[in-house]
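> Please construct the entire structure, taking both the sequences and the accompanying hints into account.
Numbering-wise (this note's numbering), the sequence shown opens with residue 1 and increments by one.
To be clear, the hints were calculated from the coordinates, so they are not data collected in a lab.
There's no promise every hint is true.
As the list claims (entries may be wrong) - Across the chosen pairs, the derived CB separations fall in these ranges:
{"#": "1", "residue 1": "Pro178", "residue 2": "Ala6", "range": "36 to 46 angstroms"}
{"#": "2", "residue 1": "Lys76", "residue 2": "Gly19", "range": "10 to 20 angstroms"}
{"#": "3", "residue 1": "Asp193", "residue 2": "Ser124", "range": "35 to 45 angstroms"}
{"#": "4", "residue 1": "Glu69", "residue 2": "Arg11", "range": "22 to 32 angstroms"}
{"#": "5", "residue 1": "Arg115", "residue 2": "Pro158", "range": "32 to 42 angstroms"}
{"#": "6", "residue 1": "Glu69", "residue 2": "Ala38", "range": "13 to 23 angstroms"}
{"#": "7", "residue 1": "Asp63", "residue 2": "Arg39", "range": "22 to 32 angstroms"}
{"#": "8", "residue 1": "Ala65", "residue 2": "Arg93", "range": "37 to 47 angstroms"}
{"#": "9", "residue 1": "Arg164", "residue 2": "Leu120", "range": "33 to 43 angstroms"}
{"#": "10", "residue 1": "Ala38", "residue 2": "Arg88", "range": "23 to 33 angstroms"}
Note that CB positions come from ideal geometry on N, CA and C, so glycine has one too.
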Amino acid sequence: MIRDDATLLPRLMALATEGRRLVAIAGPPGSGKSTLCARLAHALNAAQPGICAVVPMDGFHYDDAVLRERGMLARKGAPQTFDVGGLRALLTRLRANLEDEIAVPVFDRDLEISRAGGRLIAASTPLLLVEGNYLLLDQQPWSGLRPIFDLTIRLDVPRAELERRLLSRWLDQGMTPPEAQAKAFGNDLPNADLVLAHSQVADITLTQG
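Put into structure tokens, the structure is as follows:
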């Protein structure tokens, strides 16, 4: 267990010298995965331009039309609302690194939709930080992703802090307090509890908050 992500940088730099490597950065909603990935990628690319790119799991959200048809729109963000097979196929392609570049989908939070080809990953980029809530979930089909990763990192944040962050997230997006509470307690925190209770042990646990 480590307490500051700066400790990760030498290990990630060393990993990048070994060829194409994929690092899972997992944790419950509100744990700070996207912020951590952005910070690590910035530091790594500042030290060696082009060494690192971020691949977000959120690009594999099912479209709202699909979720509405399945009666799952209110649970958007839960494990069953992602195309896990598509994510596995993409990670397998990225790991093989046989193409000049590979397009990856990126979730647009303003539009609430995944944009295909939202980011390009060049073959010359050796280190990929893959971030998402369920990358270490110990339930099928998610548990089948673990062998793809060369290193796994889990963010450990107290549940009370997760609750605070998730409520703040929705309030900052203009929701009323009742709306924010409904969103956080009706979907986000159940998803967080699932991750907290049913995740595989990571190679590295990073304490946050």
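> Check the following: the C-beta atoms of Ala38 and Arg88 are separated by a distance inside 23 to 33 angstroms.
For Ala38 and Arg88 the Cβ distance comes to about 24 angstroms; the hint holds.
> Can the suggested window of 32 to 42 angstroms be confirmed for the beta-carbon pair Arg115 and Pro158?
Holds: the Cβ-Cβ distance is about 34 angstroms, inside 32 to 42 angstroms.
> Taking 10 to 20 angstroms as the hint, is the beta-carbon distance of Lys76 and Gly19 inside that range?
Because 36 angstroms falls outside the window, the suggested range is violated.
> With respect to the beta-carbon atoms only, verify the hint that Ala65 and Arg93 lie 37 to 47 angstroms apart.
Hint violated: Cβ distance 26 angstroms, outside 37 to 47 angstroms.
> Do Arg164 and Leu120 keep their Cβ atoms within the hinted range of 33 to 43 angstroms?
36 angstroms, holds
> Just tell me: holds or violated, for the beta carbon distance of Glu69 and Ala38 against 13 to 23 angstroms?
The hinted range 13 to 23 angstroms is violated for Glu69 and Ala38, with Cβ atoms some 34 angstroms apart.
> Can you tell me whether the CB distance of Asp63 to Arg39 sits inside 22 to 32 angstroms?
Holds - the Cβ-Cβ distance for Asp63 and Arg39, about 30 angstroms, lies within 22 to 32 angstroms.
> Could one say that the CB atoms of Glu69 and Arg11 fall in the range 22 to 32 angstroms?
44 angstroms, violated
> Verify the CB-CB distance for Asp193 and Ser124 against the hinted window 35 to 45 angstroms.
40 angstroms Cβ-Cβ, so the 35 to 45 angstroms window holds.
> Using the beta carbons of Pro178 and Ala6, state whether their distance is inside 36 to 46 angstroms or not.
Cβ of Pro178 to Cβ of Ala6: about 40 angstroms, so the range 36 to 46 angstroms holds.
Checked against the numbered hints given earlier, the structure breaks hints 2, 4, 6 and 8 and satisfies all the rest.
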